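J.: One letter stands for each residue in the lines below.
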Amino acid sequence: MSAGAAGLHRQTMTLPMTTSDLDLLRLVVAGDEDAFTMLYRRRQGGVYRFALHMSGSQTVAEDVTQEVFIVLMREAGRFDPNRGSLAAYLYGIARNHVLRRIEQDRLFVQLADSAEDAVGTCAAMIAEGDPLGDLTRNETIQELRHSILVLPAHYREAIVLCELHEMSYVEAASVIGCAVGTVRSRLHRARALLVERVRAARDRNSSSEEVKPARCFA
Amino acid sequence: MNCHDLEGMINDLARGQMMDASLRQQALSHAESCACCGMRLAAERSLTTGLRAVAAATAAEQAPMLLETAVLAAFREQHSAKPAPAFVTARFAARRWAYVAVGAAAVAALVMLLSLSASRSRDAQPPVERKAEGTDNAVPVPPRELLAAPRPSPSPAKDDQKLAVIRTPSPVKGTPGRIRNAASQSKRAADKFDESGSDAEIATDFIRLMNRDSLPQSDSGQVVRVELPRSALISYGLPMNMERADERIKADVIVGNDGLARAIRFVR
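As given, the protein sequences belong to chains A and B, one line each in that order. Everything in the first sequence is counted per this note's numbering, starting at 1 for the first residue and increasing by one. Everything in the second sequence is counted per this note's numbering, starting at 219 for the first residue and increasing by one.
A few of these clues could be false.
Between beta-carbon pairs, the in silico distance windows are [said to hold, decoys possible]:
id : chain 1 : residue 1 : chain 2 : residue 2 : range
1  : B       : C254      : A       : S185      : 18 to 24 Å
2  : B       : E250      : A       : G181      : 25 to 31 Å
3  : A       : H154      : B       : M330      : 57 to 63 Å
4  : A       : H146      : B       : S247      : 31 to 37 Å
5  : B       : S298      : A       : R100      : 26 to 32 Å
6  : B       : H222      : A       : R199      : 20 to 26 Å
7  : A       : D105      : B       : L241      : 41 to 47 Å
8  : B       : E225      : A       : R100      : 33 to 39 Å
9  : A       : E103      : B       : A274      : 26 to 32 Å
10 : A       : M17       : B       : R270      : 26 to 32 Å
11 : B       : S264      : A       : P81       : 35 to 41 Å
Residues from chain A that face chain B, not an exhaustive set, calculated with beta carbons under 10 Å [as the list claims (entries may be wrong)]:
id : residue
12 : R41
13 : Q44
14 : Y48
15 : R49
16 : E62
17 : T140
18 : I141
19 : I148
20 : I159
21 : H165
22 : R184
23 : L194
Bear in mind the hints are in silico, worked out from the structure with no lab data behind them. Remember, predicted model here, so these are calculated numbers, not experimental data. Think of the CB as a built atom: it goes at the ideal place given N, C-alpha and C, for glycine as much as any other residue.
Please build the complete structure, drawing on both the sequences and the hints.
T.: In structure tokens form, the structure reads like this:
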């Protein structure tokens with residue numbers, strides 16, 4: 001932990017870790033920096049990973065995370081606890097920003113930097129020890145992540161929220177802003193698409209690895 | 219349990235979601251007996267395993283510490299001086315300038331409207347008006363309307379009958395000698411008319427009442443303020459607002475020592 005982080009950690013010592021999100025938010029509205037720091041540390045990881053899974057880019061994930069908490073500090077009073085949890089509120093803001101970025105990025109051609117960015121992200125997932133097993137697992141994860149990223153956005157967010165973030169259907173519906181049945185049907189369809197894509201990828205790999213007999217004309 | 223029923227619950231089954239135990243057992247039994255559903259369930263379970271591996275692999279991913287520092291700095295900055303956000307300030311400033319511009323436009327429109335109505339009300343007044351410095355020493359000022367419109371003489375007179383008295387001290391001495399052509403004074407009179415205040419009296423040119431030839435010699439005279447019916451304007455060739463015909467109008471009459479009226483002007 002850096003010196004700055006240690007200093008920030010010391011600042012949050014005054015608040016108990018069991019303080020609820022809602023209480024923290026009230027303190028944030030009143031200008032309590034410790035409360036904001038605790039809330040940030042509690043929720044930034046989920047927001048960042050959601051943006052990362054949705055976009056496949058660390059840069060976009062960082063931008064979206066920053067935007068989410070900037071919006072929170074400026075418009076904390078707009079949060080209505082009757083409409084859902086604070087986490088769902090933050091995920092909803094992140095979702096809007098990510099979808100906007102995805103829509104903007106559709107206008108541009110993907111450059112090598114983005115591909116390297118994605119590779120770097122996957123490289124960070126590699127665990128040490130048992131190189132062969134790690135390699136196989138990493139390939140599987142890479143394939144799966146790539147398959148998730150090429151899903152349509154409304155299927156992708158269902159997979160990311162319900163599978164990768166282990167949200168319930170109700171929570172995911174709150175984030176997306178749709179009915180629970182819609183989330184179920186989207187998740188069902190998204191899983192079916194993923195199964196097809198993963199199977200197709202495996203078939204491609206297995207067919208390329210097969211030794212094809214070639215006739216010798218010598 | 220058939221294949222269709224299993225398809226409806228295969229996601230929950232593969233994800234290990236809570237469900238009725240007997241229903242779950244029936245689904246698993248069907249998947250064991252049906253090769254197609256068995257493969258389908260195996261694929262779904264494999265996918266669930268893969269997705270959990272992805273979630274586990276990325277569970278440690280967090281935003282960089284620099285981001286936290288930047289966000290907290292932004293929070294500190296916002297709550298230190300409590301300023302409005304930059305975009306809000308800019309938007310409000312732009313809106314404030316818009317308010318100023320609209321207000322200025324409204325004031326300009328109001329001024330134009332007032333000036334227009336004032337000019338129209340001036341048009342409705344008798345066209346020949348002039349500021350009078352007093353009843354005793356008037357400076358005849360021919361208005362611009364008078365110069366443009368011909369003014370018929372009540373008697374068969376010549377062109378030089380439309381004369382103006384430059385100064386008419388009381389008693390008036392040598393009045394005929396001080397009568398000049400109105401046209402020669404038009405510019406100066408118009409300027410004075412413009413400079414006149416709203417409280418001052420406005421008077422027309424003096425209009426000769428007798429021919430120069432028949433005018434007896436008189437070195438002095440007096441200016442007498444009289445009231446006449448507004449219809450008298452018509453007899454001197456001046457326009458009259460018929461709606462105000464019942465009103466009376468003031469006039470100054472130059473009376474010579476012989477008791478004969480030499481000239482008249484109308485005063486407002």
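J.: Determine for every hint whether it applies to the structure shown.
T.: Now for the hints, and whether the structure bears them out:
{"no.": "1", "hint": "C254/B / S185/A: 18 to 24 Å", "in the structure": "holds (22 Å)"}
{"no.": "2", "hint": "E250/B / G181/A: 25 to 31 Å", "in the structure": "holds (30 Å)"}
{"no.": "3", "hint": "H154/A / M330/B: 57 to 63 Å", "in the structure": "holds (58 Å)"}
{"no.": "4", "hint": "H146/A / S247/B: 31 to 37 Å", "in the structure": "holds (36 Å)"}
{"no.": "5", "hint": "S298/B / R100/A: 26 to 32 Å", "in the structure": "holds (30 Å)"}
{"no.": "6", "hint": "H222/B / R199/A: 20 to 26 Å", "in the structure": "holds (22 Å)"}
{"no.": "7", "hint": "D105/A / L241/B: 41 to 47 Å", "in the structure": "holds (44 Å)"}
{"no.": "8", "hint": "E225/B / R100/A: 33 to 39 Å", "in the structure": "holds (35 Å)"}
{"no.": "9", "hint": "E103/A / A274/B: 26 to 32 Å", "in the structure": "holds (30 Å)"}
{"no.": "10", "hint": "M17/A / R270/B: 26 to 32 Å", "in the structure": "holds (27 Å)"}
{"no.": "11", "hint": "S264/B / P81/A: 35 to 41 Å", "in the structure": "holds (39 Å)"}
{"no.": "12", "hint": "R41", "in the structure": "holds (7 Å)"}
{"no.": "13", "hint": "Q44", "in the structure": "holds (5 Å)"}
{"no.": "14", "hint": "Y48", "in the structure": "holds (4 Å)"}
{"no.": "15", "hint": "R49", "in the structure": "holds (5 Å)"}
{"no.": "16", "hint": "E62", "in the structure": "holds (6 Å)"}
{"no.": "17", "hint": "T140", "in the structure": "holds (6 Å)"}
{"no.": "18", "hint": "I141", "in the structure": "holds (5 Å)"}
{"no.": "19", "hint": "I148", "in the structure": "holds (8 Å)"}
{"no.": "20", "hint": "I159", "in the structure": "holds (7 Å)"}
{"no.": "21", "hint": "H165", "in the structure": "holds (7 Å)"}
{"no.": "22", "hint": "R184", "in the structure": "holds (8 Å)"}
{"no.": "23", "hint": "L194", "in the structure": "holds (6 Å)"}
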